[in-house]
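Undergrad: Please build the complex by placing chain U on the supplied structure of chain Y, with the hints as guidance.
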Amino acid sequence: MKGFVDIFLHQWREALLTQSGLKITLVHLALVTGALLLGWPAAYTIGAANWAPALAWGLYAEAVVLSYLALAVPAGLFSSTNFVRPGQWILYERASPLAVYAALLFATLAVLFFWLLSTVPIMLLGLLLRPVAAETLRELLLFFTLLFLSLIQVGIWIGTAVEARTYRLLLVDIAYLVLMVGTLVLRTSVTAHVAAYLGASLLGLIIRPLSAIAQRLWQTLALETTQIQKLLAVHPLDVIGGLLRVTPKDAFAASAAGNLTGLAATSPGPAAAATSLAETYLVPWWHLLAFYGGTGIIFAVLSLLVLRKWQRRYTFAAKSGDEEKGVYK
Amino acid sequence: MLPPTYILYIRHIRRFLPAAAALLILLLLRLWPFSGEALAVEVGGLSFQVNLGFGGYFRPGSYVPVKVEIANEGFPVEAAVEVVVHTGYRYPADTNRYIYRQEVALPTGARKRLDINVPLTDIYRPLDVRLVQKDGAVLGATRLSLRDVGVSSDIVLVLDPTGEKWTWLQEPAFSALGTSRRSRVYVIHARSERDLPNDWVAYESIRTVVLTDAFPVAALSVGQLEALLSWVEAGGHLVVAGGPGLEAYRSPLLRAVLPVALTGSTEIITVTDLGSDYSPFSPPRELVVWQALPPPAAGAGRISQSIDDLPLLAYRWYGTGRVTYVGFDPSQAALRDWPDLDRFSREIIFPARVVHQVATRSLEQGLLPLLLSQTIPYPRHIWLFLFLTVYGAGFLLWLWLAGRHLWSWAAMAVWLGLAAATAWLAFGPQARAALRAYVEVRVTRVPPAAGKAHSFAIAQVMDMHGGYWTVARKPGEYMAPVTASGSETPALLFIEQKEAEVVIGPTTARRPQALASHALLDLPVEVEISRYNFDYEVRLHNGTPWPLKGAFFIDRQRYVSLGGAAPGETLVTRFPAERFITATENLSPDWIAASVGAVARRADSTLERPELQALSRIVSYALTPGETSYLPWGAPLIIALLDAPVDPPLRSDYTGSGYHFVVVPLAGILREDTYL
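Sequence lines, in order, name chains Y and U.
The numbering used here applies: residue 1 is where the first sequence begins, and numbers increase by one.
The numbering used here applies: residue 1 is where the second sequence begins, and numbers increase by one.
Calculated from the structure, these hints are not laboratory results.
C-beta atoms are modelled at their ideal positions from N, C-alpha and C, and glycine is treated no differently.
Treat the hints with caution; some may be incorrect.
[Stated by the list, open to error] On the chain U side, residues computed to face chain Y include the following (Cβ under 7 Å): (1) Tyr391; (2) Phe395; (3) Leu401; (4) Ala426; (5) Phe427; (6) Gly428.
So that you can see chain Y by itself, here it is in the shape it has in the complex:
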């Protein structure tokens, strides 16, 4: 437990109370503030019956910034001089691998939520401009937790397994690109068609008697590409858009219209309590859980395996009576 607390506090101080931590907090606040101001066009007069997608912009900014930080903080990218590699806690502080892992996870999670908390007054402004139901807020919190948990696992693995800072930086950037660009490609109709086609064709090739069924399956899947696309829509901005019921495209276009052309209202609309049937906004929770949860579990196992390796090294060194030798062997 002592190990856990020590590592937790170390990570917390390292992420927040150092100069780089202060810089990150400042940049993060500035970015979210900028997003709010951009998402709230000058043409949108307060006190008039119109609506600005400022909250959506704020949350998009949070997703973009905090996703990177969720990878970078546990990977130790911002601890330039005295980065303590997770394995070293095992070697020198005799912490158990599980305590190291848990401390890293909870410390990063706490830091991320601290940053999220720091934007409460800004988000409140966005919320005032466009209230959302309490249920939506809960779902947003759930999604952010899921996203952060998953990305932190990747970050911990990078920080645990890779020693050189350059490679850690490279891996963090690749992981971030996969999240932000890869998932975007994933949900296009082309990917859906290719996935359906390859899946069915491979099935037909591998299991010969099933080829007729595979053809049928392919035809069905080809017709259901929209459904497949929906399953693959795990991009954070898509999900937030789905929860807020404003697609990123619409939110950006609405604000751009207000900012650039001075349009006061995005469109005249009726006002009525309504039940939505829009499929655009359906959030595939099970697929999100599968995608982010799966990624998180895989990288958590990988991290624990690496930490166990450090533990073995320590055990070997302790047995041989020469800890240092064991370490550097």
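TA: Frame of chain Y, contents of chain U only:
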């Protein structure tokens, strides 16, 4: 001879062929331009076919019937048909989507047909029709492009099983100077009762319906006949064209609206001409003409052409629409070579209108600047920037100190709370005010052939709660966005939240609400109008518990102030018809509205400025073409302000939007001989 390796290779390729073919078909389907005529979709034993409008055509800006025929050869399924209409500005794209949904049970072997009437305004946005399961899973979907099927020309619906009558109307007219400027006419043939809708709104696209003698009227259901006549009452035009097989006289409903009394027998007469306006027949033609008698009641019809007291052409006003009777069949062979056949039939089909459309602006266009003018007296972005900068700087300071002093964490939490409270208190009230929107529901009922009409309009404010707009309504008022247009199964209108987050309901959204009016309560305001030579007498009885102020008699060309009536009192006003302001051309609704406001102020000094503004706005709204679905152009009406309290009380800056108005369309009251 190919080497064995190649044969193996080709075998492998062959395996991919069906998949490739499927891909090709899919691509072709995606690229193929869809038409609105009919689209069939078949998935897993379920197939459905979609027909739009009449013969695939419709007039934008009107309700359009979407006929969906479903057949289920697979498992039983509880499904729903959804028609998704995209409206609104194209920028940002996909802003508004209205989903009209009708549920349907589909047991195995079922074949069902659903008629869903949807308002279509934008032909540049496609229409989606889909069959969904109750859990939302899409069973099949199709997309219809409206570009080529939405036509602004006149559509004439000819009830004719042969599909051959009145076809000359759609031929372009040529003159010595080239093609005539006359716009194109679309002649659509309804060959059986299956082609006719059950709701009157579905006829909105149609300019004239022609009932030919070949059409079996007996096959029409009472609902279909009532729909047709309701449409006429609301401003449509029905032409009953004679011929040997005419069955119109057999239907009591039709018989009641005909401008002549049909005896049920025909005779052959020799006709030399059809009036001095047209060239005479040379040689004289023998026409099969129905034996008809003049209308039994005065004012129930006017005979415009007759031979030996046998009415050949007659018409009558029914509601605000018109029923024209032609005693013979203009399609008959004897008239084919008559040079004036085209002109004659066009004048029957398209009679001169009393009023013409005028270019106007909508209520929203007038109201929006009013709402947007409510600026706050400081540059908001500078204040916002300052607030956020101070907050951010303070937060960073506390964070920096937190590394040195533990108490700074507590200070930081307090700072965060203070900033949040400031945001809530300083911006909250204004932001919440921004989330109130104006909504207006106009309610009217014009009972056919009744001397009284009840109507009222309510202006109210909607609030946003938890991301949803809700109407703050009083008990006893029913303003659900549900259209129950005569049928037992209400067609639910689902409006997505997104478009509800913007400003003011457009016409398309308000019209279904107006259609639901029959479910609403009426206000006991009764109107009777009599004419004595050149005088009009209006009796306006105010049966409500609230005073009635600033009553006006208005049509598109004139208006007169009537005064006011206390609760329970009857206002009797007599005024000479020539004292109307008359104009050769139609007046702009805005001009009339402004004049009404000015006159009302002079007539009633108790009327306050917001009330006058609101009165003008309602007048403008009521007179603007396309704004009201139930007031045809030029329909005379009485508008009065009802001084009823609005609950909840409105903010002062919603000037003029929170008043009740009595709007009485006089179409059902004024008889033809009464109205000028």
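Undergrad: Do the numbers back the hint for leucine 401 (chain U), that is, is its least Cβ distance to chain Y under 7 Å?
TA: Leucine 401 (chain U) check fails; min Cβ-Cβ to chain Y is 10 Å, beyond 7 Å.
Undergrad: The hint names phenylalanine 395 (chain U) as touching chain Y; please verify it with the least Cβ-Cβ distance against 7 Å.
TA: Holds. Min distance 6 Å.
Undergrad: Holds or violated: is the Cβ of alanine 426 (chain U) closer than 7 Å to a Cβ in chain Y?
TA: Constraint on alanine 426 (chain U) not satisfied, violated at 10 Å.
Undergrad: Return the status of the interface hint for glycine 428 (chain U): holds when the least beta-carbon distance to chain Y is below 7 Å, violated otherwise.
TA: This hint holds: glycine 428 (chain U) lies near chain Y, its Cβ roughly 5 Å from the closest one there, short of 7 Å.
Undergrad: Per the CB criterion, is phenylalanine 427 (chain U) less than 7 Å away from chain Y?
TA: Holds - the Cβ of phenylalanine 427 (chain U) comes within 7 Å of chain Y, reaching about 6 Å at its closest.
Undergrad: Given tyrosine 391 (chain U) was flagged as interface, is its beta-carbon under 7 Å from a beta-carbon of chain Y?
TA: For tyrosine 391 (chain U), the interface hint holds, since the closest Cβ of chain Y sits about 6 Å away, which is under 7 Å.
The structure does not agree with the numbered hints 3 and 4 stated previously, though it agrees with the rest.
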